[in-house]
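Hey, can you work out the whole structure from these sequences and the hints?
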Amino acid sequence: MTSTLTQPVEVGACPPDPVDPPPTEGIRPLRRLGLRKAVPFSRMTGVVLLLAVWALGSGAGWIDDRKLSAPWTVVTSAVELVAEGTLQQHILASLSRAVLGFVIGCVIGTALALASGLTRTGEALIDGPVQFKRAIPTLGLIPLLILWLGIGETFKITVIALGTVVTIYIQTHNALTALEQRYVELAEVLGLTRAQFVWKVVLRGALPGFFLGLRLAVTGAWLTLIVVESINAVSGLGKMMFNAQNYGQPDVILVGLLVYGVFGLASDAGLRLLERRALTWRKTLGG
Amino acid sequence: MSAVRIRGLIRGFGDRNVLDGLDLEIPDGQFVALLGRSGSGKSTLLRALAGLDYDVEIRGGALAVPEKVSVAFQDSRLLPWLRVLDNVTLGLDRQGRSRGSEMLAEVGLAGREDAWPLELSGGEQQRVALARALVREPQLLLADEPFGALDALTRIRMHGLLDDLVRAHRPTVLLVTHDVDEAIVLADRIVVLDEGRIAVDRHVDLDKPRSITDPGFRDIREDLLTALGVITQP
Numbered sequence: 001m002t003s004t005l006t007q008p009v010e011v012g013a014c015p016p017d018p019v020d021p022p023p024t025e026g027i028r029p030l031r032r033l034g035l036r037k038a039v040p041f042s043r044m045t046g047v048v049l050l051l052a053v054w055a056l057g058s059g060a061g062w063i064d065d066r067k068l069s070a071p072w073t074v075v076t077s078a079v080e081l082v083a084e085g086t087l088q089q090h091i092l093a094s095l096s097r098a099v100l101g102f103v104i105g106c107v108i109g110t111a112l113a114l115a116s117g118l119t120r121t122g123e124a125l126i127d128g129p130v131q132f133k134r135a136i137p138t139l140g141l142i143p144l145l146i147l148w149l150g151i152g153e154t155f156k157i158t159v160i161a162l163g164t165v166v167t168i169y170i171q172t173h174n175a176l177t178a179l180e181q182r183y184v185e186l187a188e189v190l191g192l193t194r195a196q197f198v199w200k201v202v203l204r205g206a207l208p209g210f211f212l213g214l215r216l217a218v219t220g221a222w223l224t225l226i227v228v229e230s231i232n233a234v235s236g237l238g239k240m241m242f243n244a245q246n247y248g249q250p251d252v253i254l255v256g257l258l259v260y261g262v263f264g265l266a267s268d269a270g271l272r273l274l275e276r277r278a279l280t281w282r283k284t285l286g287g
Numbered sequence: 001m002s003a004v005r006i007r008g009l010i011r012g013f014g015d016r017n018v019l020d021g022l023d024l025e026i027p028d029g030q031f032v033a034l035l036g037r038s039g040s041g042k043s044t045l046l047r048a049l050a051g052l053d054y055d056v057e058i059r060g061g062a063l064a065v066p067e068k069v070s071v072a073f074q075d076s077r078l079l080p081w082l083r084v085l086d087n088v089t090l091g092l093d094r095q096g097r098s099r100g101s102e103m104l105a106e107v108g109l110a111g112r113e114d115a116w117p118l119e120l121s122g123g124e125q126q127r128v129a130l131a132r133a134l135v136r137e138p139q140l141l142l143a144d145e146p147f148g149a150l151d152a153l154t155r156i157r158m159h160g161l162l163d164d165l166v167r168a169h170r171p172t173v174l175l176v177t178h179d180v181d182e183a184i185v186l187a188d189r190i191v192v193l194d195e196g197r198i199a200v201d202r203h204v205d206l207d208k209p210r211s212i213t214d215p216g217f218r219d220i221r222e223d224l225l226t227a228l229g230v231i232t233q234p
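Going line by line, the protein sequences match chains A and B.
Those letters in the first sequence? Residues 1 to 287, per the UniProt record's numbering, in order.
Those letters in the second sequence? Residues 1 to 234, per the UniProt record's numbering, in order.
No lab work stands behind these hints: they were computed from the structure.
Some hints here could point you the wrong way.
[To be verified] Below, computed lysine to aspartate or glutamate pairings styled on EDC-like, alpha-carbon distance capped at 20 angstroms: (1) Lys200/A x Asp86/B; (2) Lys200/A x Glu185/A; (3) Lys133/A x Glu123/A; (4) Lys68/B x Asp114/B; (5) Lys200/A x Asp93/B; (6) Lys68/B x Glu137/B; (7) Lys200/A x Glu180/A; (8) Lys68/B x Asp53/B; (9) Lys208/B x Asp164/B; (10) Lys68/B x Asp28/B; (11) Lys208/B x Asp219/B; (12) Lys200/A x Glu153/A; (13) Lys200/A x Glu113/B; (14) Lys68/B x Glu153/A; (15) Lys200/A x Asp114/B; (16) Lys68/B x Glu188/A; (17) Lys239/A x Glu153/A; (18) Lys208/B x Asp179/B.
[Said to hold, decoys possible] Some, not all, of what chain B presents toward chain A, calculated at C-beta under 7 angstroms: (19) Met1; (20) Ala50; (21) Leu52; (22) Val71; (23) Arg77; (24) Pro80; (25) Trp81; (26) Ala115; (27) Trp116.
Yeah, the Cβ is synthetic: ideal placement off N, Cα and C, and Gly gets one too.
Structure follows, in structure tokens:
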């Protein structure tokens, strides 16, 4: 096998080349098909370019500042809003809504998933209704919820919590029931008690699915927040933005969007950090 | 005294009986290797003994195993979310946990208590699995091709380890394998499963450590390969 590879192969009547070619010529040139190595921060290029176009357009007067304020106007508006204390006030109102709804939703969603994933009775009672609820967009329930709860804080928190419950439930329940049969066999062979089995095997194994649910749910919670704050809110980022729409202040709307963006990124980063801490065993998989 | 007593064990899948009235008796402390062609029911028998098979049928016979049975699977079957020591002592009380560290040292993994299973090599994972099986001081150790997924060199090293462990802890062993040499190196007795029954049952009377170049080894090897239908008798 080796000899056929190392010995020069004679092709046709051509005698083998008596002189060894220099090694560089012997390397077959390959066409590079994969992506080249990434330049650090190169992904920011697009963002910077977009900002530059925006600044240039505003500075040159090509962009109507009644539709889109200049970047520096957005910054000064933000500074003003902070100085007045209005921005903090709205952020606090929005945050408390989102956090409260999210936490309530997490607790209920996790509890339902555990009841349904660990017992047949729970599954029979809970899984059907939640799957049915899943088919109905949470935002579609708003008219009914307004009829029941009015348009106050309770209503807003309830809508956010409802969306969270479903997302957390689906992911956690799925993770609980997807435990590999071989691990169940192992637990049986080792003679684990049911409590040991649930605690050491099922729950630990379902943790990645739970975290996935958390991350999806937090995104959903921010989305729901914007929508519910458009309904008769007296405070909150959504209220601030809809007011700005009425008064024709695109800079304030942009400040609001910026804050939403920061919250979205920050909450996801926070959850990812938490996930890495809780799931250290996965670190070797590049997670 | 017999550690394992099987009489008339039947296990069907569909209309085919994989185990068809199987009889097998294993005395206390004996190391039995179970050979057989693929699909001959080796793993089925082992699962029945481990109590993992709820559909076995015992027609007018018996199935008796000791109270303390441990299983070593082909995949190490470590829980990736538990550290090595927690895997070894899973389900044991505090006293068991202290024995866990000793057991890890015995399989050559002293100091790796806090490692995650995914950080270990395949051979190391299988060592942990052996530690988990033996820390329970089983009267019967059932091993289902425990070295089947390991490379040849690691496998040879694991044979030595298993030999030492069995000598130290003295469990009765039933090792399912498809590796004839592995069976001859390790076992006191080799049985070949065919058509749902024991077709060959022979003792291995070679001194340990056993060498593949020993003429006695070669004779047994030839016999077994013939029984398994790999070598056809002239």
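Now the hints, each set against the structure:
Under the criterion of a C-alpha separation no larger than 20 angstroms, the hint pairing Lys200/A with Asp86/B is consistent with the structure, at around 9 angstroms. Under the criterion of a C-alpha separation no larger than 20 angstroms, the hint pairing Lys200/A with Glu185/A is consistent with the structure, at around 14 angstroms. As the CA atoms of Lys133/A and Glu123/A are separated by approximately 15 angstroms, the hinted pair is consistent with the 20 angstroms bound. Using a Cα cut-off of 20 angstroms, the hinted pair Lys68/B and Asp114/B is violated, with the two alpha carbons roughly 27 angstroms apart.
Straight-line distance between C-alpha atoms of Lys200/A and Asp93/B comes to about 14 angstroms, which keeps the hinted pair within the 20 angstroms bound. Distance hint between Lys68/B and Glu137/B is fulfilled; the C-alpha atoms sit about 8 angstroms from each other, no more than 20 angstroms. Taken as a hint, the Lys200/A and Glu180/A pair is honoured in the structure, with Cα atoms around 14 angstroms apart against an allowance of 20 angstroms. Taking the CA atoms of Lys68/B and Asp53/B, the gap is about 17 angstroms. The hint holds against a cut of 20 angstroms.
Among the hinted pairs, Lys208/B with Asp164/B is consistent with the structure: their alpha-carbon atoms are about 11 angstroms apart, no more than 20 angstroms. As the CA atoms of Lys68/B and Asp28/B are separated by approximately 13 angstroms, the hinted pair is consistent with the 20 angstroms bound. Taking the CA atoms of Lys208/B and Asp219/B, the gap is near 16 angstroms; set against the 20 angstroms cutoff, the hint holds. For the hint linking Lys200/A to Glu153/A, the alpha-carbon distance of about 40 angstroms lies beyond 20 angstroms, and the restraint is violated.
Under the criterion of a C-alpha separation no larger than 20 angstroms, the hint pairing Lys200/A with Glu113/B is consistent with the structure, at around 17 angstroms. Proposed proximity of Lys68/B and Glu153/A is contradicted: the alpha carbons are some 60 angstroms apart, above 20 angstroms. Under the criterion of a C-alpha separation no larger than 20 angstroms, the hint pairing Lys200/A with Asp114/B is consistent with the structure, at around 16 angstroms. A hinted pair counts as satisfied when its Cα atoms are at most 20 angstroms apart, and Lys68/B with Glu188/A qualifies at roughly 13 angstroms.
At roughly 13 angstroms between alpha-carbon atoms, Lys239/A and Glu153/A fall within 20 angstroms of each other, so this suggested pair holds. Between Lys208/B and Asp179/B, the direct Cα distance comes to roughly 18 angstroms. Compliance with the 20 angstroms bound is thereby established for this hinted pair. Checking Met1/B against chain A by beta carbon gives a least distance of about 23 angstroms; that is not within 7 angstroms, so the hint is violated. Interface restraint check for Ala50/B: the shortest CB-CB distance to chain A comes to about 6 angstroms, inside 7 angstroms, so the restraint holds.
Below 7 angstroms, beta-carbon pairs count as interface contacts, and Leu52/B has one with chain A at about 6 angstroms; its hint therefore holds. The interface hint given for Val71/B holds, since its Cβ lies 5 angstroms from the closest Cβ of chain A, which is under the 7 angstroms cut-off. Interface hint status for Arg77/B: upheld, as the beta-carbon distance to the closest one in chain A is roughly 5 angstroms, under 7 angstroms. A hinted interface residue such as Pro80/B counts as satisfied when its beta carbon comes closer than 7 angstroms to some beta carbon of chain A; here the least separation is about 6 angstroms, so the hint holds.
Against a cut-off of 7 angstroms between C-beta atoms, the interface hint on Trp81/B holds, since the closest Cβ of chain A lies about 4 angstroms away. For Ala115/B, the interface hint is violated, since its Cβ never comes within 7 angstroms of a Cβ in chain A; the closest pair sits about 10 angstroms apart. For Trp116/B, the interface hint holds, the least distance from its beta-carbon to any beta-carbon of chain A being 4 angstroms, beneath 7 angstroms.
Hints 4, 12, 14, 19, 26 from the list above are not met by this structure, while the remaining hints are.
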